[in-house]
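Colleague: Here is how the chains run, residue by residue.
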Amino acid sequence: MALHPDRLFPADATTRTIARDLYASVADLPIVSPHGHTDPRWWGENPAFANPAELLVIPDHYVVRMLVSQGTPYEALGIGKEAETDPRKIWRTFAAQYHLFAGTPSRLWIDHSLQTVFGLTERLSPANADAHYDAIAEKLAEPDYRPRALYDRFNIEVIATTDSALDDLHHHRQVQGSDWNGRVVPTYRPDAVIDPEADGFAANLDKLGEITGCDTGTWQGYLDAHRARRAFFREMGATATDHGHPTPHTENLGRAEAATLFDRVRAGKASAADAELFRAQMLTEMARMSVDDGMVMQLHPGSFRNHSPQVQERYGRDRGFDIPVPISFTTALKPLLDVVGMDPRMRLILFTLDETTYARELAPLAGAYPSLRLGPPWWFHDSFEGIRRFRERATETAGFMNTVGFNDDTRALCSIPARHDVSRRADAAFLAELVTTHRLDEEEAHAIAPLLAGDLARDGYRLTTAPAA
Amino acid sequence: MALHPDRLFPADATTRTIARDLYASVADLPIVSPHGHTDPRWWGENPAFANPAELLVIPDHYVVRMLVSQGTPYEALGIGKEAETDPRKIWRTFAAQYHLFAGTPSRLWIDHSLQTVFGLTERLSPANADAHYDAIAEKLAEPDYRPRALYDRFNIEVIATTDSALDDLHHHRQVQGSDWNGRVVPTYRPDAVIDPEADGFAANLDKLGEITGCDTGTWQGYLDAHRARRAFFREMGATATDHGHPTPHTENLGRAEAATLFDRVRAGKASAADAELFRAQMLTEMARMSVDDGMVMQLHPGSFRNHSPQVQERYGRDRGFDIPVPISFTTALKPLLDVVGMDPRMRLILFTLDETTYARELAPLAGAYPSLRLGPPWWFHDSFEGIRRFRERATETAGFMNTVGFNDDTRALCSIPARHDVSRRADAAFLAELVTTHRLDEEEAHAIAPLLAGDLARDGYRLTTAPAA
Amino acid sequence: MALHPDRLFPADATTRTIARDLYASVADLPIVSPHGHTDPRWWGENPAFANPAELLVIPDHYVVRMLVSQGTPYEALGIGKEAETDPRKIWRTFAAQYHLFAGTPSRLWIDHSLQTVFGLTERLSPANADAHYDAIAEKLAEPDYRPRALYDRFNIEVIATTDSALDDLHHHRQVQGSDWNGRVVPTYRPDAVIDPEADGFAANLDKLGEITGCDTGTWQGYLDAHRARRAFFREMGATATDHGHPTPHTENLGRAEAATLFDRVRAGKASAADAELFRAQMLTEMARMSVDDGMVMQLHPGSFRNHSPQVQERYGRDRGFDIPVPISFTTALKPLLDVVGMDPRMRLILFTLDETTYARELAPLAGAYPSLRLGPPWWFHDSFEGIRRFRERATETAGFMNTVGFNDDTRALCSIPARHDVSRRADAAFLAELVTTHRLDEEEAHAIAPLLAGDLARDGYRLTTAPAA
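Chains as they are written, first to last, in this note's numbering: chain B, 1450 to 1918; chain E, 1450 to 1918; chain Z, 1450 to 1918.
Careful, some of the hints might be misleading.
List of simulated lysine to any residue pairs, SDA-like, C-alpha gap at most 20 Å [said to hold, decoys possible]: (1) 1783(E) to 1783(Z); (2) 1783(E) to 1762(Z); (3) 1783(Z) to 1696(B); (4) 1656(B) to 1672(B).
Simulated from the structure, these hints should not be mistaken for laboratory data.
Owing to the predicted nature of the structure, the values given are computational and were not obtained by experimental measurement.
All chains should be built: construct the whole structure from the sequences, respecting the hints.
Modeller: Shown next as structure tokens:
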């Protein structure tokens, strides 16, 4: 069997027993998934997945980048012009190199998916590649393997998608109009209409004006348009916004200055410094709107997106070439926090790819400002060691209650239960260590485990209110 | 019982036994406290503490900030205008949220204080809040719970306070004139007369001139005034100076250039860059004086003080809103080290809130320059995980002998034995790991444990000389 | 006995047994040493080592700096004018302070050398200093303790030296012309002819012109001269180049701009910014040449060399005063990667002294770009904890196959087997943890262990081709 029941638990027998008990108490709790990138079409149209390669290989940038890093061309993975079109051949390429994933979270997630979703307990290898392919392909043709059925089977209570501010959310409307009981909520992600360096920024603002009837040629009209879209997202069930910025810089310009900056940006005359300033200003504007409408704000900064222009040009965005840069929050967030940091209505959840900020900045900030919460380990750090580092570095200063449980943050549907399982196990391991070293009583650990497994996410994202009709 | 005798020891049975033995050998050694923030009035006047809230809640910024971060208003903690004035109600607010501290060092320190100082072995909770309050209040009325009695009971050998350069040290004089045998020494902390951005800087310099009879209107007179105050502090028992700077930058300007800079600073015409340059220059001046008078120099850089202007304005300084920033020592300290780094008379103890500097910069610097020693983990990192990270990252390059044991650095009297206990346990755990993995023999570990528990502090701070009369 | 057979293995019994088995399977594999600083004269002339102090103390900057940091003058270690000349006295000074190395890798390496090379199982101490000295001195007079015999005894398969671009490699020629079967290959290290701030840069370029017959007065001729020297190094067996730069910055200037920059640099008119730009440009030029000639490129950035001018002036370079600075690769490497990053012919091995880059930048970069591999923990981090941090932080994102096994990187001959032993034990410990926590099967761990112990180095440095005649 690929999955050992004690995986990720500490080696020490006493500690392992405690971890096992803690995990057992949360293993079957429903999944709360407040931040992720599943395709709304899955939930709206409930289509069958085409084949194993399109389900598990091609869209998974963790998998693709690792294969590419060891010399596999994108084409062999079905990506780019003149790419391989036979999904079985793509699958074989993947299986032939499955050993590359030893020691990585992808390996844990894929083993988990193969076993728990498809009943395949033998580790993927060149020898069983075809047999596994056939077994998965056969299942994918069954109604039980369509997205909504998997949502139900995975025991998901609520899942948030991440949606452009310009999206009409018709897939969400489809869900709401259906007789399916799944709760799928959108998230307001306005990067494309906030970042002057985004592709088609001017056209995006034009479209934003058309959709909302606001004059996005003026600063005031532009802000009104955001308010209108946020209200629409709220109506559609959204409880949160999300902001992917190159840096965590915020700014708080006077009204006139902001309007002048907007004019430059709107006219396409923004310098790189203007663009950064505008993004910084807009974080504070978004925060002000969050105070008004109660939307939880998320900030995901510090990724240098599409680092290789060659890869982006030939194979597109999100191909595994987003590389973190060093960041610092302390000074960068101050303008925003000076405005809303002490406001009890505000909630800002912070994420980082620079782990040095956990103990140095994020825990001290979240351990002081009532508006701040710490998001779980993100992206490269959504792993056993990553979760351990987060808890070890953040807990002593911020405690548990200033964190918001787990986000799977994934576009790979079958990895959702796998990721939550890793998180629950890693947290059980961490809590068990606290118990064995007498920093926590076992009964306290048992009270904290379900908070980390779901309650803090529900509360942190304000998902406890009734879903939209 | 709240405190388990094996707390903080490794889970592995063999390692735990070794850790237990190592700890037992140092558990009862006297406490050397060479850096901290206890109130000199306590030692001079030996007053009774007013009530449990004023002893354990209101002045403890670790406790206050955590409660604030989860929505408790400062007012409910007795801070600010229209604050709660009933200490029992403040205590109840604290007790109601004691679960927030799970996994934090505050929890360990408070449990330790309640049990070892007040005999309260049941963990604080809403249910026992009143009973605990009454028990503590009753004790506080007894003479045995006054500061000097606690000093004696805590087995403190020497404690250093941190004092403004302008302080007349009359509380220290009271101690020295009393028949009490405690050793309380001041520390020269001249930030208020060195930092051009300090509140009332110009007036502070005027006062410095008055006190010393030096002309603090000139660079030379200003330096002389420092020399005079240092000599006074030395006479009063001080062995060290302390410098809390925003950055570790040092500078070594020519005499004329320094004098010109001083003139700008003195005239209140310093730009932000001038202020930073002046602070940097003054670190080197202080180092030169240390070479002359033998005072050990401490540098505590990298905290963004009073991050929230709203909190500072309404509730004052030191309310839990000091947030670390990234720092680097390698280039910043070079001007100072070029002057005094190789001088055998010089001793500079470095502290950091940016743990990335431990292995990257501090251990290599202290493992080379004879003038440098590493201070223990500071502030947010004065915790079990923080101490472990420090030892794991610093020891391999700097060894043990380039560190200076432990500082409790606290303004919370009852936490002193608790903090030293955590430190001794954490060091025992670290040493035991080295023994179990055969990086150290058990006999060597037994030789090192008392160094870490006291000798390195005595030696590092030059406290072994006889106390002032 | 100084060395315990279970040293560095995890405390937990089950995990330790797995680590022991893994280590046993690789303990006796030949040593592949693709990067280091042994003296080519040793291999060419095979001289006897003069005495214990000259073998084990004076040239070991790890040892010297630690003694200096605790107050020993360089002179007492045989360094500087009026230095101690009696090697026995130097040895005694070392032995008297051997306790300073408790908890450091030097202690592990020296214990290992004394025991496995000289049969001395009692730990060095003041009491046995003379006896150890005599025993070592006696051995050093025997032919079995000359460099080539030690190479054979240490079971070294191949060792790379690091050589100036201007070196005539005559010691390598001596090796190749001898009947000894050792494989010693040079490495092309052109810092002295690339860094405008290097001592004697202009003269170095003159010499480069003379040696190659190229006109190093022009940009084109200068590049041709590099090509010629690289070809010569290749003929002499080199498979790699190495670049020690203050930062990892790279640049990709247009041809005309680069030529103009070169003219300024060549004329000795380079500003500090010019010098940095030129170094940055040359990394990209070196990368282009690597694509052409197949030489593996190594980058070792981020050390502030000779931090104390006083030490450098009195005692020379490489005296333990090189201190790391914070660095970041993501933006810095982009110009180079935009040119060669996706080229399957390119291989660039990255090293760092700033461990924050492991998880944040290096693993994401190496886990995406096919041209990149991660070098092992370098310098201060070539230690048990350093190796653990590297594996814990890099593996989850980059896997094992994007790393290149171990480098001993040493100028201390006897430490070579000691360092490889520490590395093999640390990797066995890490793999065993993965097995115990069921992140890896034991059989997989057994497949990975020999990769880490040698195969990845052979492959990573393209050493599998037949040695030069």
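Colleague: Each hint needs a verdict: does it hold in this structure or not?
Modeller: Evaluation of the provided hints:
For the hint pairing residue 1783(E) with residue 1783(Z), the CA-to-CA distance comes to about 30 Å; that exceeds 20 Å, so the pair is violated. Of the supplied pair hints, the one linking residue 1783(E) and residue 1762(Z) holds, its CA atoms being roughly 16 Å apart against a limit of 20 Å. Taking the CA atoms of residue 1783(Z) and residue 1696(B), the gap is near 18 Å; set against the 20 Å cutoff, the hint holds. For the hint linking residue 1656(B) to residue 1672(B), the alpha-carbon distance of about 14 Å falls within 20 Å, and the restraint holds.
Going through the hint list in order, the structure does not satisfy hint 1, though it satisfies all others.
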